[in-house]
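The sequence shown maps to residues -20 to -1, 1 to 387 in mature numbering (1 follows the signal peptide of the UniProt record, and there is no 0).
Honestly, the hints are just simulated from the structure, not real lab data.
A hint or two may mislead.
Cross-link-like lysine-lysine pairs, in silico, DSS-like; alpha carbons within 25 Å at most [stated by the list, open to error]: (1) K365 <-> K281; (2) K285 <-> K365; (3) K89 <-> K189; (4) K281 <-> K325; (5) K325 <-> K70; (6) K252 <-> K285; (7) K70 <-> K285; (8) K285 <-> K89; (9) K281 <-> K362.
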Amino acid sequence: MALRVCFLVLLLAIDYSAYARSVSNDDTMDEVKDNEYKDDFNLVSNSNLDVVKHEDLVEVECDGLECAAEVKDVSAGVLSVWDRGLVTTKLNPTLILQEHAQTASNVLKNFRGETLGYVTPWNSRGYDMAKRFRTKFTYISPVWLQVREDPDHVPIITGTHDIDRQWVQDIKNGAEGEKVEEEGPAVLPRVVYERNHISVEDDPLIISKLLTLTDEHDFDGIVFEIPVMERTLDMLQQMARAFRAADKLLILVLSRSSKDGEMPVTHELFNKLAPLVHRFSMNAYDFSIPGPNAPYPWLKKTLEKMSPMERQRILMGLPFYGYDNTEAITGSSYIQVLNDNDVAKIRWDAAAHECQHTYTAETGSRHVVFFPCLQFLQDRLKLYKAYGVGVAIWELGQGLDFFYDLL
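Kindly produce the complete structure, drawing on both the sequences and the hints.
What follows is the structure, given as structure tokens:
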């Protein structure tokens, strides 16, 4: 009897994979050639986080090696995106519409490196996704807090009204009634420095207030966003030592690299902070608008210019959002675009390793959309794994559900 059941499951899985391939196989699929996009890139001084192969072979990680996806036992529920034949450069809008909301029943972590997920109040769906897939993350960073000042120019911490104590405990320990088999991720709210000046006299007070807040709310530390430069070095070193003494984690935000792949900070400055700071969360998107959001050659060049020690400390950015012309677009908007417009095919940009499609709006205006597909994400996760860096996702409320199968 068991043998018959296994045989039936195998037939069903094979039939599903064959269907997926037949829908997605488009021999006329265009590929954007190398060097089609050469938009200039301007380095910015901060992270700007608040903005919002093989042709037919599906690749998965098998004990650290690449291998073709094998048919898995579907008796436990929904198959993974690999088993459904969705991780491919042959992209089909109909299949994305059919499959994007389905995630694998097995929610075990797939990416071997550390994973940071940002959550924002303005995309509240991210709160639910962080809870649902908590075991896939090393760190969760809710975007809640700011360093500002009162009318007397005394530093204050704002944004505490957004703190959700129960959610924090659910992330760390699992929701009530949930069977908890693994330790949850560390919760480190993002804190943005929004004062227009730095004062040596204020540094101890700011550090003290931040540490008090982490204790009061059971945070494991903070993700701190301030321009990392010589002028802020002393403050950051003081903060890092204080957080380490208090057994709290400090992650610093770095802006993206130059278009030539040069780090946003000097190697000397990085090396002064690296022994004290837990990790660095580095922007790796918004390369060109419009155009590819995070071109693969740019990412690879950036990683190649880091030393092995620097890579060990880096969490490289991974966008769960894209652009419709110059407007940021999230997963829900992307699905709406596919539903409402005659999108015949989605093209794979073989140079940038990105997905794009075009459509004409009711007004007659032409739109070019760059939005992550599964192959886009998988290629970057594979690259990050090869170079030994972690990943920092901006942000969890913006992506499509089936993205989480890859993490």
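Hint by hint, here is what the structure shows:
1. Between the alpha carbons of K365 and K281 the distance comes to roughly 15 Å, so the proposed pair stays at or under 25 Å and holds.
2. For the hint pairing K285 with K365, the CA-to-CA distance comes to about 16 Å; that is within 25 Å, so the pair holds.
3. With a C-alpha separation of about 35 Å, the suggested pair K89 and K189 falls outside the 25 Å cut-off, and the hint is violated.
4. A C-alpha spacing of about 30 Å is found between K281 and K325, which places the hinted pair above 25 Å, so the restraint is violated.
5. Distance check on the hinted pair: K325 and K70 sit about 9 Å apart at the alpha-carbon level, within 25 Å; holds.
6. Proximity of K252 to K285 is assessed by CA-CA distance (about 18 Å); at most 25 Å being required, the pair is judged to hold.
7. Taking the CA atoms of K70 and K285, the gap is near 32 Å; set against the 25 Å cutoff, the hint is violated.
8. With a CA separation close to 29 Å, the supplied pair K285 and K89 exceeds the 25 Å bound.
9. With a C-alpha separation of about 15 Å, the suggested pair K281 and K362 falls inside the 25 Å cut-off, and the hint holds.
Hint check: violations occur at hints 3, 4, 7, 8; the rest are consistent with the structure.
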